[in-house]
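Enquirer: Just so you know, the protein sequences line up as chains X and Z, in that order. All residue numbers for the first sequence refer to our numbering, where the first residue is -10 and numbers rise by one. All residue numbers for the second sequence refer to our numbering, where the first residue is -10 and numbers rise by one.
To be clear, the hints were calculated from the coordinates, so they are not data collected in a lab. Careful: at least some of the hints might be erroneous.
If chains are identical, the list can't say which one is meant, so a pair holds when it fits in one copy or spans any two.
In silico lysine-lysine, DSSO-like type, Cα no more than 27 Å apart, as pairs [as the list claims (entries may be wrong)]:
1. K44 <-> K(-1)
2. K233 <-> K46
3. K225 <-> K44
4. K16 <-> K45
Number of protein chains: 2
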Amino acid sequence: MNSTIETILKRRSLRVFADESITEKEKALIIRCAMRAPTAGNMMLYSILEVADQKKKERLAVTCDDQPFIAKAPLVLIFLADMQRWYDYYDHSRVEEFCGENGLEYPRPAEADLLLASCDALIAAQNAVIAAESLGIGSCYIGDIMENYEIHRDMFDLPSLVFPVTMLCFGHYRQVPDAPSVIPRFAEKAIHFTDRYQRFSNEELGEIFENRYAIQFAAEKYLQNATNIGQHFYLKKTGSDFFKEMRRSVGVAVANWCGRSGE
Amino acid sequence: MNSTIETILKRRSLRVFADESITEKEKALIIRCAMRAPTAGNMMLYSILEVADQKKKERLAVTCDDQPFIAKAPLVLIFLADMQRWYDYYDHSRVEEFCGENGLEYPRPAEADLLLASCDALIAAQNAVIAAESLGIGSCYIGDIMENYEIHRDMFDLPSLVFPVTMLCFGHYRQVPDAPSVIPRFAEKAIHFTDRYQRFSNEELGEIFENRYAIQFAAEKYLQNATNIGQHFYLKKTGSDFFKEMRRSVGVAVANWCGRSGE
């Protein structure tokens, strides 16, 4: 097993960082690796917004589902799905006028553009994660950056064709764990299919989920009045306040992106 | 510079593969690395669909914007944004009934869920890419899997909460290039901002885009009757038939995912 694969397999999210800054050289290497990521049609439909201002980090620690460790991260990068650079260049290049003269449509970007740009942003983000990990710098994804769209838009001057699809906090490990305990995942048969998508019977679903969570729920209780693991996770995740806010926020952002709102 | 960073920096998309299969051991390692990727709330909102059936590969070579090399790839993996497994488990766990009894909402997944699941899928995909690269196995992303949603849905039995957000073709290099020529990217100042999103003046846009494409357009002509680089790329990319199809296809898939269509 080579060192790259070892790095990938041992990596887990880090939320407590050493009291040690990330050097300019380390940061430059992380950004350089992100920017070498493959990108749709080599268009680079993303930008990387570094949050250096401590006040902004502290605000993000609140707006991203109240996670105080965000404010303590030595390096915070927001990965933006970004079609704005290209559409600004199209404006500069008089593309709309050109389309009019040549009988071509010039439609507003749609959901597909947002998804494609999000692909670019995430692929770049994961390059940054692995590069950092190989330097002894841990990281944690903050999907909650998709919440509170209007606040983040105003904080960072985001135009309508820019959407903050993920955020990464980076910092050095306090000490390299001797035997890192990786987090359990679903069994491969639940994730990896061949030639057809596989839906599972109730019995199989029970086995897949309960096998995975058996250890956890030997120690933890279900939330509130949930009576099983499914209800527990619905309350904790999909049915939680932060998920509700994410749906609202993304709804506004998508409407804005697609030009369906007045903002 | 460590070997992981070297692997990331030298990687470029590979579309011509050696006549050599990917072993079961190699494939298992690639999948294992994908499955170690960080995932939102550790929910694993993705699945990996391996396309082994040669007839299906050949069909994908047509439906994904006519790219014949897809049919020749020794390993083809579709990364699915997937909330179906969890919602099937919620059904099994009588979550809707539980919500009704407890005065809680049980909304249908929305655009945010699709984006969050897409994040998971892409992060896992890039782990697979880097793991493969470290084994001497090249790869190419096929974003065109987002086109022709209905055809792919039927080919692979995808339920409504499953969306094929990206595809990867893998194969060994025919020979390891001595000095791999990496593809130019935008300058860092065009991509990496601090604390605020930066929009560029017309002059800056011209510089950013024209610097990047100067070499290419010393040799190539603009498409059709385009008169500048912006119009050329609009015709080639954002205004092309495949982009139009992607917008249509994703529109149908999003409506389906959010339960807004009758299908």
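Enquirer: Tell me the numbers of any earlier hints that the structure contravenes, in ascending order.
Expert: Hints 1 and 3 contradicted; others consistent.
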